[in-house]
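Visitor: When we follow the numbering used here, the leftmost residue of the sequence shown carries the number 2, and every step to the right adds one.
Keeping only pairs whose Cα atoms sit at most 20 Å apart, straight-line, the calculated SDA-like set for lysine to any residue is:
{"id": "1", "residue 1": "Lys142", "residue 2": "Thr254"}
{"id": "2", "residue 1": "Lys234", "residue 2": "His280"}
{"id": "3", "residue 1": "Lys181", "residue 2": "Tyr239"}
{"id": "4", "residue 1": "Lys253", "residue 2": "Ser243"}
{"id": "5", "residue 1": "Lys83", "residue 2": "Phe178"}
{"id": "6", "residue 1": "Lys142", "residue 2": "Gly156"}
{"id": "7", "residue 1": "Lys57", "residue 2": "Glu31"}
{"id": "8", "residue 1": "Lys74", "residue 2": "Glu31"}
{"id": "9", "residue 1": "Lys135", "residue 2": "Tyr145"}
{"id": "10", "residue 1": "Lys207", "residue 2": "Phe143"}
{"id": "11", "residue 1": "Lys83", "residue 2": "Ile174"}
{"id": "12", "residue 1": "Lys257", "residue 2": "Gly148"}
{"id": "13", "residue 1": "Lys142", "residue 2": "Thr129"}
{"id": "14", "residue 1": "Lys257", "residue 2": "Thr154"}
{"id": "15", "residue 1": "Lys74", "residue 2": "Asp32"}
{"id": "16", "residue 1": "Lys181", "residue 2": "Thr53"}
{"id": "17", "residue 1": "Lys142", "residue 2": "Cys206"}
{"id": "18", "residue 1": "Lys168", "residue 2": "Glu196"}
{"id": "19", "residue 1": "Lys234", "residue 2": "Phe245"}
{"id": "20", "residue 1": "Lys135", "residue 2": "Val124"}
{"id": "21", "residue 1": "Lys168", "residue 2": "Ile79"}
{"id": "22", "residue 1": "Lys83", "residue 2": "Leu171"}
{"id": "23", "residue 1": "Lys142", "residue 2": "Ile219"}
{"id": "24", "residue 1": "Lys168", "residue 2": "Asn82"}
{"id": "25", "residue 1": "Lys104", "residue 2": "Ile39"}
{"id": "26", "residue 1": "Lys142", "residue 2": "Pro212"}
{"id": "27", "residue 1": "Lys83", "residue 2": "Glu59"}
These are calculated hints, taken from the structure and not from any lab test.
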Amino acid sequence: MFQSIGGMVDTSESYKLTQQLASIVISCSEDERIIDTISSIDENVEIIASITPCEKIESLLERRDIRYVITPKGNHSITVNKGVQSASHDKIILIDSDCVFEKGAIRSISEALDTFSVVTERVIFEDTGGFISKQIAACRKFDYTVGFPGYLTYGFPIFRPGLSFHKRLLEKIHYLFNPKIPWTEDADFTYRIQEANIPVQHLSCKVFHRPTTFTSTIFSYHKYGVGDAYRAKYLHQYYHSSLFVQMYERYKTAFKTQCANMIPFLFIFDLAYLFGYMHANWK
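Work the whole structure out from these sequences, hints included.
Guide: Next comes the structure, spelled out in C-alpha cells:
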C-alpha cells in the first residue's frame with residue numbers, strides 16, 4: 002500500500018519491491034549460522050527470518066536490518082507459515098539457517114518459478130570429513146532420494162530445505178503447511194502435491210546443508226517419527242499398507258543402493274524414528 006507524504010505518494014517502497022526477484026524465508030531456532038545463510042544470498046531479494054524467541058538472534062538481525070517474525074518453538078509448520086505470510090512477493094524460496102545457497106542458485110529458482118508453481122533444488126548434505134559424519138550425510142541423502150517411502154511411485158520427495166514455490170500454488174492446495182503437523186510438514190506437503198498431480202521442476206542448482214552431529218540427528222529422526230505418526234492419525238497419509246511394509250521396502254532399497262557402512266547408522270536413526278512414532282501414538 003502506498004503511503005501519502007505531504008500530499009504526494011511515496012512510491013519508493015513499491016519500486017524497491019519490483020526490483021526484487023523473490024522473498025526468501027529463513028527458518029531459524031537459536032542458530033547463529035543464519036548469518037552465513039544471509040551472506041550466501043547473491044541477488045536483490047526480500048529476506049524474512051522466521052525465528053523462535055532468542056534475543057541474540059534478534060540483535061544480529063536488527064544490526065543487519067533484516068526483517069524477522071517470532072514464532073513459538075517446536076512447530077516447523079507454524080514457523081514457516083508465519084514467514085511466508087509476511088512475505089511481499091509471490092515467489093517464495095524456503096531455506097533453513099543451517100544451509101547456504103550455491104552462487105547463482107537464487108536466480109535459477111526465480112526464473113523457474115515463472116513457469117512452475119513448485120521447484121526443488123539439490124540439497125548437498127555436507128560432512129566434516131570424519132567417518133561418522135559421512136554416514137550421517139549419506140543417511141540424509143538417502144531420505145531425500147530413494148529412501149523416501151513414495152519414491153517408487155512418485156519419485157523424489159519435495160522436502161524443505163530445497164523447496165521453493167509460487168503463491169498461485171495455494172489456489173490448488175489451499176494451505177502450505179498444517180499446524181497439526183509440527184515436524185515432517187514437508188512430507189505432508191509432498192503427499193498433497195503428488196496426490197494433486199501438480200508438476201514439480203527439479204533444478205540442478207544446489208543448497209548446501211551444514212554437517213549435523215550424531216546426537217542432533219538422533220533427535221531429528223525421533224521428531225520425524227512423531228510427525229509421521231500425526232500425519233497417519235490426523236491426515237490418513239500412507240504410502241504402504243503398514244509401517245512394517247514401509248520399513249521392509251526401505252531396507253530392501255538401502256541394501257541395493259547404499260554402501261554397507263551406512264546401514265548400521267540408518268538402523269540406529271530409524272530406531273529413534275520408530276520410538277517417536279510409537280510414543281506419539283501412545284500419547
